[in-house]
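S.K.: Each chain, written out:
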Amino acid sequence: MHADPRGVLTGSHFLDGDHAACEGALAAGARFAAGYPITPSTEIVERFASRVPMVGGTFIQLEDELAASICIQGAVWAGSKAFTVTSGPGFSLMMEHIGLAAMTETPCVFMDVQRGGPSTGLPTLPAQADMMQVKWGSHGDYETIALCPSSPQECFDLAIKAFNLAEKYRVPTFLMLDEVVGHMTEKVVIPPADQIEIEPRRFTTKKPSEFKLFEPDADGIPEMTKAGEGYNIHVTGLTHDERGYPNMSPAMQDTLVRRLQTKILNNAEKIWMYDEQNTGDADVVVVCYGITARIAQRAIDMARAQGVKVGKFRLITAWPFPDKPIRQLASKIKAFVVPELNLGQMVREVERAAAGQAKTVLVGHAGGSVHRPEDILKAIMEVAR
Amino acid sequence: MSDCQLTCPANPSEQFLRSERIPHIWCPGCGIGTTVNCFTRALVEAKIDLTKTVVVSGIGCTGRVAGYVDLDSFHTTHGRAIPFATGLKMANPKLDVVVYSGDGDLFAIGGNHLIHAARRNINLKVICVNNMIYAMTGGQTAPTTPNDVTTSTAPYGTYDPAFNLPYLVEAAGACYVARWTTYHVRQLALSMKEMFKKKGFSFIEVLSPCPTLYQRRNKMGDGLDAMKFYKEHSKIKHGAPTNEVGLTKAGEIILGKFVDRERPDYQQMMNAHFHEELGDRYIEMEEPVCS
Chain A
1 MHADPRGVLT GSHFLDGDHA ACEGALAAGA RFAAGYPITP STEIVERFAS
51 RVPMVGGTFI QLEDELAASI CIQGAVWAGS KAFTVTSGPG FSLMMEHIGL
101 AAMTETPCVF MDVQRGGPST GLPTLPAQAD MMQVKWGSHG DYETIALCPS
151 SPQECFDLAI KAFNLAEKYR VPTFLMLDEV VGHMTEKVVI PPADQIEIEP
201 RRFTTKKPSE FKLFEPDADG IPEMTKAGEG YNIHVTGLTH DERGYPNMSP
251 AMQDTLVRRL QTKILNNAEK IWMYDEQNTG DADVVVVCYG ITARIAQRAI
301 DMARAQGVKV GKFRLITAWP FPDKPIRQLA SKIKAFVVPE LNLGQMVREV
351 ERAAAGQAKT VLVGHAGGSV HRPEDILKAI MEVAR
Chain B
1001 MSDCQLTCPA NPSEQFLRSE RIPHIWCPGC GIGTTVNCFT RALVEAKIDL
1051 TKTVVVSGIG CTGRVAGYVD LDSFHTTHGR AIPFATGLKM ANPKLDVVVY
1101 SGDGDLFAIG GNHLIHAARR NINLKVICVN NMIYAMTGGQ TAPTTPNDVT
1151 TSTAPYGTYD PAFNLPYLVE AAGACYVARW TTYHVRQLAL SMKEMFKKKG
1201 FSFIEVLSPC PTLYQRRNKM GDGLDAMKFY KEHSKIKHGA PTNEVGLTKA
1251 GEIILGKFVD RERPDYQQMM NAHFHEELGD RYIEMEEPVC S
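As you go down the protein sequences, you meet chains A and B in turn. Each residue of the first sequence is one higher than the one before, starting from 1 at the first, in my numbering. Each residue of the second sequence is one higher than the one before, starting from 1001 at the first, in my numbering.
If you are wondering where the hints come from, they were derived from the structure by calculation, not from laboratory data. Yeah, the Cβ is synthetic: ideal placement off N, Cα and C, and Gly gets one too. Please note that a few of the clues may not be correct.
With the Cβ distance kept under 8 Å, some of the chain A side facing chain B (calculated, not the full set) [what the hints assert, rightly or not]:
1. R31
2. T58
3. L66
4. I72
5. G74
6. L100
7. L256
8. K334
9. A355
10. Q357
11. V361
12. L362
13. G364
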């Protein structure tokens, strides 16, 4: 299925990452957004508020992020594609409804433009310190999908991808920007609508008497319907059976929670996206994402100029973490260098995936600016020695 | 064989219930089931399109209503039924969205959402079953618990001032505000029916006993005693000023329709505003699109 041309601003533009993410959402078919103002994410919904009345859809500014993150789920069950945007403190408030969306298998998109934390932290300055929160922030076991753009163009492209993945797997999906990517302005090319692939919602064609809202298809993912169609659906955050009725037996809990996990993990190889460069002959591989991947590129170029065999593995999908390709690389190289704008988050995943086959070195940064390429270079040179 | 056949006419409420989920979890003497009975009668009499009627609940004893009504129904998170319902209604204005929840859910953890939905005049029908206690969790003090009531978290009696719900909701902007008790089943069903015809944010408070955790702990008897209490202490005063209808432990209970006013709802305001500002460029949504 192709994009609805009404939402697609085809052409070559000069946009910041926040605005590009908004255009991606519109191109993906999002016609509903709810939000609460928070720097540095607000520009996304500001643009949506100005664009959506002429595209056909709704923006509502709510009283807080708790409301915004559940309002979009009401809109989804009414039949819309919907999203919300926030940054650190607001993201903390949204954790409750990430769990609800995971449990009720509600396809929706959250965009988190990361800033320095904890608490109010650095409202206007970058970090990449919500990377574990996005995976583990809500209580209980669940899997979601998180993508990391490193340019405004990718904010557009991956916003579309996020909506498509949300629909395909009936799962909340996250676009994890950082303040620098959100606020940097670059060329963004928006293709014609008929060149944008859109994943349609998995609306059932079964009759109400034959349809069970949480009965998985062969791929582990259930079909959907919406309110007002005569299906008399029941959706609850309680542990539930295939009809959606509460069933709090340990056996039901096991069946449901394991399926919520396996529907993502069993499809992880289809979900993984990464950008791998010069890893064929590499002794050292820099694993990076978001804005840090662009700083790392400078360090890699500098190391290569000095004759060090360095490759790059840029995470586009952060979750589910692409552990298999990292493990394969680990068997062939000396070390991974992991620069990130936090004091050690995704590095733990790299280390887990490497499973002792290669050394893993963090180049941490508490946030507030980007790394100096020299600091990443220094780590590369040390492990290459 | 006799030609006189004994027939058992179906309970008129049954068609609205997920009978496979009965028996329900509510205690003997609890009033929530009574409110559901009134609700089903209102559905019959209001003659609305049931396929377009949606029930949204939060968490708690009343939060379980969504699980028993055979309509599209959503059992959401604690306090957040109203913003979920707002999303449903805003994305598909053709739905009739009912929020059915308890006093703790709507006025403590969800209080901020409630006042803002009333302010915006979102076209929602809110039924608040007020048992003056947190019942599901074992009888803790609620924002509606009157003074000098023993609760599990106020073992020497409550001293927190309680909210007067009609006064709060009227001040926040509701178009329709009424209060009944589970003794007043006909009036309650009529009020619910009237609410279905109303546009804008509408609110009904239903006083409902919790014999297990409120009555028992306060030596106020059982469910039947609660009915006698409601009968003896209630006074119907339609149009009573809401600042005069606050509740106490043993005092008078003022009931009736307190507010019935017109003001454009959120969607009307939004559409009118965009048509005026944007003219032909505005695309008014009638049904959600998922393309």
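S.K.: Checking hints one by one. Is Q357(A) an interface residue toward chain B, by the C-beta closer than 8 Å rule?
M.R.: The hint is violated - Q357(A) has no Cβ within 8 Å of chain B, the shortest such distance being about 43 Å.
S.K.: Have a go at the V361(A) hint: is there a Cβ in chain B nearer than 8 Å to its own Cβ?
M.R.: violated, 41 Å
S.K.: Does the interface hint hold: is A355(A) within less than 8 Å of chain B, judged Cβ to Cβ?
M.R.: violated, 38 Å
S.K.: Close enough to count: is the Cβ of I72(A) nearer than 8 Å to one in chain B?
M.R.: Holds, about 6 Å.
S.K.: Let me know if the C-beta of L256(A) comes in closer than 8 Å to any C-beta of chain B, holds or violated.
M.R.: violated, 15 Å
S.K.: So, R31(A) near chain B? Judge it on the closest CB pair being under 8 Å.
M.R.: holds, 6 Å
S.K.: G74(A) was flagged as interface toward chain B. Is the shortest Cβ-Cβ separation under 8 Å?
M.R.: This hint holds: G74(A) lies near chain B, its Cβ roughly 3 Å from the closest one there, short of 8 Å.
S.K.: Does L362(A) meet its interface restraint, that is, does its C-beta lie within less than 8 Å of any C-beta in chain B?
M.R.: Violated. Min distance 36 Å.
S.K.: With 8 Å as the cut and Cβ atoms as the points, is G364(A) at the interface with chain B?
M.R.: Since chain B brings no Cβ nearer than about 35 Å to G364(A), farther than 8 Å, the hint is violated.
S.K.: With a cut-off of 8 Å on the beta carbons, see whether T58(A) makes it to chain B.
M.R.: holds, 5 Å
S.K.: Holds or violated: is there a CB of chain B closer than 8 Å to the CB of K334(A)?
M.R.: violated, 48 Å
S.K.: Does the nearest C-beta of chain B fall within a distance shorter than 8 Å of the C-beta of L66(A)?
M.R.: Holds. Min distance 6 Å.
Violation of the numbered hints given earlier is confined to hints 7, 8, 9, 10, 11, 12, 13; the remaining hints are satisfied by the structure.
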